[in-house]
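Participant: Those protein sequences? They're chains A and B, same order as listed.
According to this note's numbering, the stretch in the first sequence is residues 243 to 590, in order.
According to this note's numbering, the stretch in the second sequence is residues 243 to 590, in order.
No wet-lab data here; the hints were simulated from the structure.
Some hints could be false.
Same chains, same names: a pair is fine if it fits in one copy or spans any two.
Stated by the list, open to error - Calculated lysine-lysine pairs in the DSS-like style (CA-CA distance at most 27 Å, straight line):
#, residue 1, residue 2
1, Lys412, Lys282
2, Lys439, Lys252
3, Lys417, Lys252
4, Lys308, Lys585
5, Lys439, Lys574
There are 2 protein chains.
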Amino acid sequence: MSYFRENIEKAQGYTPGFQPAGDEVVKLNTNENPYPASPKVLEAVRGVSAEQLRRYPEPLGDEFRKAAGEVLGLSADNIICINGGDELLTICFRAFCDESRPVAYPVPTYSLYPVLAQIQNCQRVEVGFGADFGLPAGLANTYSALTIVCNPNAPTATFIHPEELGRLAKKLEGKSILLIDEAYVDFAEADCVGLVKDFDNVIILRSMSKGYSLAGLRFGYGIACQELITGLMKVKDSYNVDAISIAAARAAINDQDYFKKNVAKVKSERTRLAEELRKLDFVVRDSHTNFVLARLEDAGQIYRKLIERKIYVRYFNQQGMADKLRITVGTKEQNDKLIGALKEIISQ
Amino acid sequence: MSYFRENIEKAQGYTPGFQPAGDEVVKLNTNENPYPASPKVLEAVRGVSAEQLRRYPEPLGDEFRKAAGEVLGLSADNIICINGGDELLTICFRAFCDESRPVAYPVPTYSLYPVLAQIQNCQRVEVGFGADFGLPAGLANTYSALTIVCNPNAPTATFIHPEELGRLAKKLEGKSILLIDEAYVDFAEADCVGLVKDFDNVIILRSMSKGYSLAGLRFGYGIACQELITGLMKVKDSYNVDAISIAAARAAINDQDYFKKNVAKVKSERTRLAEELRKLDFVVRDSHTNFVLARLEDAGQIYRKLIERKIYVRYFNQQGMADKLRITVGTKEQNDKLIGALKEIISQ
Chain A
243 MSYFRENIEK
253 AQGYTPGFQP
263 AGDEVVKLNT
273 NENPYPASPK
283 VLEAVRGVSA
293 EQLRRYPEPL
303 GDEFRKAAGE
313 VLGLSADNII
323 CINGGDELLT
333 ICFRAFCDES
343 RPVAYPVPTY
353 SLYPVLAQIQ
363 NCQRVEVGFG
373 ADFGLPAGLA
383 NTYSALTIVC
393 NPNAPTATFI
403 HPEELGRLAK
413 KLEGKSILLI
423 DEAYVDFAEA
433 DCVGLVKDFD
443 NVIILRSMSK
453 GYSLAGLRFG
463 YGIACQELIT
473 GLMKVKDSYN
483 VDAISIAAAR
493 AAINDQDYFK
503 KNVAKVKSER
513 TRLAEELRKL
523 DFVVRDSHTN
533 FVLARLEDAG
543 QIYRKLIERK
553 IYVRYFNQQG
563 MADKLRITVG
573 TKEQNDKLIG
583 ALKEIISQ
Chain B
243 MSYFRENIEK
253 AQGYTPGFQP
263 AGDEVVKLNT
273 NENPYPASPK
283 VLEAVRGVSA
293 EQLRRYPEPL
303 GDEFRKAAGE
313 VLGLSADNII
323 CINGGDELLT
333 ICFRAFCDES
343 RPVAYPVPTY
353 SLYPVLAQIQ
363 NCQRVEVGFG
373 ADFGLPAGLA
383 NTYSALTIVC
393 NPNAPTATFI
403 HPEELGRLAK
413 KLEGKSILLI
423 DEAYVDFAEA
433 DCVGLVKDFD
443 NVIILRSMSK
453 GYSLAGLRFG
463 YGIACQELIT
473 GLMKVKDSYN
483 VDAISIAAAR
493 AAINDQDYFK
503 KNVAKVKSER
513 TRLAEELRKL
523 DFVVRDSHTN
533 FVLARLEDAG
543 QIYRKLIERK
553 IYVRYFNQQG
563 MADKLRITVG
573 TKEQNDKLIG
583 ALKEIISQ
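With the rest of the complex left out, here is chain A (with noise of 0.2 Å):
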């Protein structure tokens, strides 16, 4: 007999990226990003007080949401916190979903969706998408109370026009939310933030893991009109972002300038990795995001040889991702032991 319900009980759970320990190890799997996060973070960190630790937080965490408003050019009301990005994943599920109110998205993509829709026991549309990764014209027409497109999309890479998001919005105005997850968008050419003026429907999901180096941290946020937010903070848990991680993430946001070079690093070894990979016969996209997907028959092979020599990438062992590798674009020094490895493997 199991206490749980009947569709824990079924449910695997995520399964999050192997993390290896030691120095030695190049570590390309999770698409944490190479470079610390600014100087500012850890000074911040350091001066948190035991009286702080002491009293409960703001509960909101007015502080950080000012600072992104200003960021952003929105007011604060139109910013939520959360305990990392998947966070606003399940206060979404929990807020919209149910047995009788299903979620969309399209395939491939983050490996979670499917796994909170069993968690909320909610029926999931998965469409394919389009040539090239395009928006898959069937998305407007799901019958869906929430439709997730994730753009940048994970594992593709690939990016959809924030314009071509707007018009989905507008499709679905008065009939689903459309949350766009922005995880990766740092190292995209644009975004969707101006769509939140325009449309009652439109959550962005936004993470500090990746451009701004706090995937440790646990903090993201949502954007969206005041409606949305004030429902969303009836979901999310009354304490959900602490003392330490507020004032972190608020350095790392007021400090623009470091962000920027950071990314700005990151995008110009994604250029150079791509092209290395290309040179080795990998099939590799241009990517919108800290990562690159590249394409090669042998990839599970490859893989596991990669992993001999204590460098780790990420491998889907699925439907259409069997012959790629996933593959976190790492400081020079790493991509270029991946790259030789590579040489290695392929030659053998």
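Take the given structure of chain A and dock chain B to it, following the hints.
Facilitator: Then chain B, alone, in the frame of chain A:
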């Protein structure tokens, strides 16, 4: 037209206690510990590196689980790390309850339980406490999937003996999870940890907010048999606790000497505060928490007059509570200010 589910649209959400700022304020309204955390906690926070923030944290918080297991005489496999005690409540509602699987709990109790029931859209069975806030006999027969007992209970500050909860667990075996919310147990004379060895349906919730003076950190843990922990892990967000709070919470739980002295100080002030309040004709039961519930007919009026003096206690304007104040045990100086102000107000 609302995009939200109907139950979410109707929900009011939880109202956190007011968080007044300013050095001159005497804040006895949200049950924070009046003394700072162990100095080892700040050391741990300041020892965090940019590299720890750059990378994803260990997904289960294993460092903390091991430390907590050692303190409790259990295995790390019996522990789940949570982003504040409230997160375990949320996880349990999502894991065990739905429209056909109700929750039951004695009342009055922590006002978050009905809020979470509404968000999960499950029926709630509220059973009035027995005489002297003893366990109500009817709680064993509610046909609920989840039974919650807050012990020691808020806002009554009363305590039910672990043996009695063991008998309840036995009656609920094969039928219902018994979640014992021990957020305040650090200030009681006994706890229910022993029950997780005997029962496969008992989950214990612990918080670092009260006994360890870390309300600002948002860290707690759940204790249960390994099968239940494995199931709860599927429902939690993949990286629900961050690298800094794992390190800080581990430092806190490893400093048991400091913790015990801190708790002893609070308990000693609690005795004095209760005695002083009784001298002023308040009816005060012996407390097993870090607050006291004090009854006097004019409670609402006294509450407002205390605010005029920048002294904040908690007043619940609801049935059975309108003649009571919930007062957090403060430092000696804070308690003296409160007693002085009450003397003035009452003699007017």
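Participant: Looking back at the hints listed earlier, which ones does the structure fail to meet?
Facilitator: 1, 4 and 5
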